[in-house]
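Starting from the structure of chain A, add chain B where the hints point.
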Amino acid sequence: MTIVHIACKNLLRKKVRSLLTMFGIALSAWVLISLFGFNAGYESSLNRDIDSLGYQVLVTAKGCPYEAATLMLKGGTGLRYMPQRIADAIAQESEVEAVTAMLMHTVFDPNKGESGGYSAYLGVDPTTFPKMKPFMEFMHGGWFTQPDALEAVLGYEAAELEQREVGDLLLITEKNIEVKVVGVLKRTGTQDDGTIFLPLRTVQQIFGVTDVLTGIGVKLKHEADITRFEEKMYRLPDVQVVTMSQVKQTIMTLVTTAKVIVLSIALIAVLISMTGVMNTVLMSVMERRQELGILKALGATSLDIFMLIWLETFVLCVLGSCFGAVVAVTTSALTDMLVRNILPYAPRGGLMQISMPLVVMTVGTVTGIGLVSGIYPSWQAGRVRPLDAIRSQEE
Amino acid sequence: MHAIRPAMMLGLVLFSVFGMIEGSFAAVGCDLNDPDRDVARLFPGATGYKTIYVSIERRGGPELLKNIEERLGDSFRGIYETIDVPYTIYEIMQGTERIGYIHGVNAKGQYGGIQVFLALDLNGVIQNFYFQKLTSRFGKELRSHNFGAQFIGLSLKDFYHYNVVTGMLDGNSTAARITNPVPEAEADFKATLRAVKKNLILMDEFVYGNRYLHYCMTCRAQERR
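These protein sequence lines map, in sequence, to chains A and B. All residue numbers for the first sequence refer to the numbering used here, where the first residue is 1 and numbers rise by one. All residue numbers for the second sequence refer to the numbering used here, where the first residue is 1 and numbers rise by one.
It is worth saying that the hints were derived from the structure and are not from the lab. There could be a bad hint or two in this list.
Unchecked claim - Each computed BS3-like pair below joins lysine-lysine, with the alpha-carbon atoms no more than 27 Å apart:
1) A:K259 to A:K221
2) B:K190 to A:K180
3) A:K232 to A:K219
4) A:K180 to B:K140
5) B:K190 to A:K175
6) A:K221 to A:K131
7) B:K140 to A:K175
Claimed, not checked - Among the chain A residues that face chain B by a calculated CB cut under 7 Å, a handful are:
8) V107
9) N111
10) V166
Stated by the list, open to error - Pairwise CB distance ranges, derived in the manner of DEER restraints:
11) B:D34 to A:E230: 35 to 43 Å
12) B:I152 to A:V209: 43 to 51 Å
13) A:P237 to B:F76: 53 to 61 Å
14) A:E93 to B:G29: 44 to 52 Å
15) B:Q150 to A:R85: 50 to 58 Å
16) A:H222 to B:G29: 40 to 48 Å
17) B:K140 to A:E93: 49 to 57 Å
18) B:P183 to A:E93: 56 to 64 Å
Bear in mind that the values here come from a model prediction, so they are computed numbers and not experimental data. Ideal Cβ positions, reconstructed from N, Cα and C, are used throughout, including at glycine.
Only chain A is shown next, with the shape it has when bound in the complex (with noise of 0.2 Å):
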């Protein structure tokens, strides 16, 4: 019989101990997988929905933070522009993941209304844009074709308005210049959906205001300063900066606190765990007292003993730490409802990512941290005098 076998033997003969105790360590592992697995998901999904909400930064030529706004006011005349090339400046920047260059234009149709009304277009960089609303879908169609080609985009409520599909024609009134509709999006709920969009060399070359921009579009990193890009910006002569700063600050100092919580919550789990680990494995050496006693006598070293005890952890651990890891997976979909439920705001796709290394790794904490726990119990075993023990039986 090996000291595996013995090990096993000892903690089936007090059944319902050795199961609270798995049970216990079982706990604590479903808590930990299930809170790492909550802040990692609930992190990634939030991250997604920051990325769709497009570019965090608008730059535009200073005196003109609204530029529909301002078109819609001024019909297109007196608008300010800024050079093409602040754009690529911007790329440079290393809080920047990304830009896209934006030229909106309007033009007058004298037959809208009774009175005639302006038709604006945003002209987009096929190449970039779409990368920044990873949101848009279509509904029929897509993207330009060729970067200056005569095409357009509609958003779904421009489309309903002009009454467009894929294939028909607009007309850019004031130019005489037919443009075929090569996509409808799908709704979005921003202001895209009554946007046309036009590929950004097109719109240059119509309106002949080559190399000029109204609006670039950034995309900052993940864990770039906001507020200190927003400084670097106002140093670039002639722009302005609308962010979304406020927003994504307020988003990350939650992220940020729901972690600090997490990891509290994470480390009473693995206190309570330990200390319920050392409690029974302790208590269960108290009262097999005499009998590692008799074991001592028989030949056992204390090396023997500590073993012994350290292995019945061990299993302990490995068994309840599994169990709780199995536990969490299976319940991963329920418990990422109720936290649905719970909170006032989720963001959308899987709150709950488990993934097998951290399932691994928790598995490995919770069992390593029952081991070091296990330590005490095992050596105060190992240190059993047989004589005393066997005394204390007589007593």
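Chain B only, in chain A's frame:
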């Protein structure tokens, strides 16, 4: 309080960004851009108006849509001519007396949406015609007084002889007198006639109690009712 404010702000921002995405959206309707000004211009003598909102979906559902399509002689086309389109009917008042209606519909023109408004008397006879929106190379000609004046005095009875699919008008119809001012604007001209017929059918269903239904000799809808 300080802790609540950013959370509230975040909630509001995120709701406005994401909440709207999941929300439901109604189809686009056809309203007058400036009702006060437009009503006075389209219905001289009007002193006020009431606004009524109706849709085929709420009024009679798919069965009503089928009847309307039968009367129009064409199915509702495209992805925007749907059953849930909200129609705005302006009930025109002169003092306390109702004197007519103004109603507009969207139509698909060659280069964009066309919005055709009709001012109708209490018998469904056209009193005025107005393109609120039209994108065309020949917008000036189509928006001319002479073109719009051709519709005045006509009713749905006259448009039953217009085939919206082929664009052919029966020679015996009064509507056959309507001429296209620019041959190159054929697509917008046809879209306009279809919009007028559709407008009149909708008004007959929504307001006039189908008083013009019996003129539609090919309609099986008449038998069903």
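Going down the list of hints, with the structure as the test:
1. In summary, the hint linking K259 (chain A) to K221 (chain A) is supported, as the alpha carbons are separated by about 20 Å, within the 27 Å threshold.
2. With a C-alpha separation of about 21 Å, the suggested pair K190 (chain B) and K180 (chain A) falls inside the 27 Å cut-off, and the hint holds.
3. For the given pair, K232 (chain A) sits about 15 Å from K219 (chain A) by alpha-carbon distance, which is consistent with the 27 Å threshold.
4. The hinted pair formed by K180 (chain A) and K140 (chain B) meets the criterion: a straight-line CA distance of about 23 Å does not exceed 27 Å.
5. Distance restraint check for K190 (chain B) and K175 (chain A): the Cα-Cα separation of roughly 25 Å lies within the 27 Å cut-off, and the hinted pair is therefore satisfied.
6. Simply put, K221 (chain A) and K131 (chain A) have alpha-carbon atoms about 14 Å apart, close enough for the 27 Å limit, and the pair holds.
7. Under the criterion of a C-alpha separation no larger than 27 Å, the hint pairing K140 (chain B) with K175 (chain A) is consistent with the structure, at around 16 Å.
8. Taking 7 Å as the C-beta contact cut-off toward chain B, the hint placing V107 (chain A) at the interface is violated, the least distance being around 11 Å.
9. Annotation: N111 (chain A) was flagged as interfacial toward chain B, and the flag holds, the nearest CB pair being 3 Å apart, inside 7 Å.
10. Look at V166 (chain A): its Cβ only gets to about 10 Å from chain B, farther than 7 Å, so that hint breaks.
11. As the Cβ distance of D34 (chain B) to E230 (chain A) is approximately 41 Å, the hint placing it in 35 to 43 Å holds.
12. A beta carbon spacing of about 45 Å between I152 (chain B) and V209 (chain A) agrees with the range 43 to 51 Å that was offered as a hint.
13. The supplied range of 53 to 61 Å is met by P237 (chain A) and F76 (chain B), whose beta-carbon atoms lie about 55 Å from each other.
14. At about 46 Å, the beta-carbon gap between E93 (chain A) and G29 (chain B) stays in the expected band of 44 to 52 Å.
15. Between Q150 (chain B) and R85 (chain A) the beta carbons are some 56 Å apart, a value that agrees with the proposed interval 50 to 58 Å.
16. Checked against the hint of 40 to 48 Å, the C-beta distance between H222 (chain A) and G29 (chain B) comes to roughly 42 Å, which is consistent with it.
17. Distance hint for K140 (chain B) and E93 (chain A): a CB-CB separation of about 51 Å, consistent with the stated range 49 to 57 Å.
18. At about 58 Å, the beta-carbon gap between P183 (chain B) and E93 (chain A) stays in the expected band of 56 to 64 Å.
Violated hints, in rising order: 8 and 10; the structure is consistent with all others.
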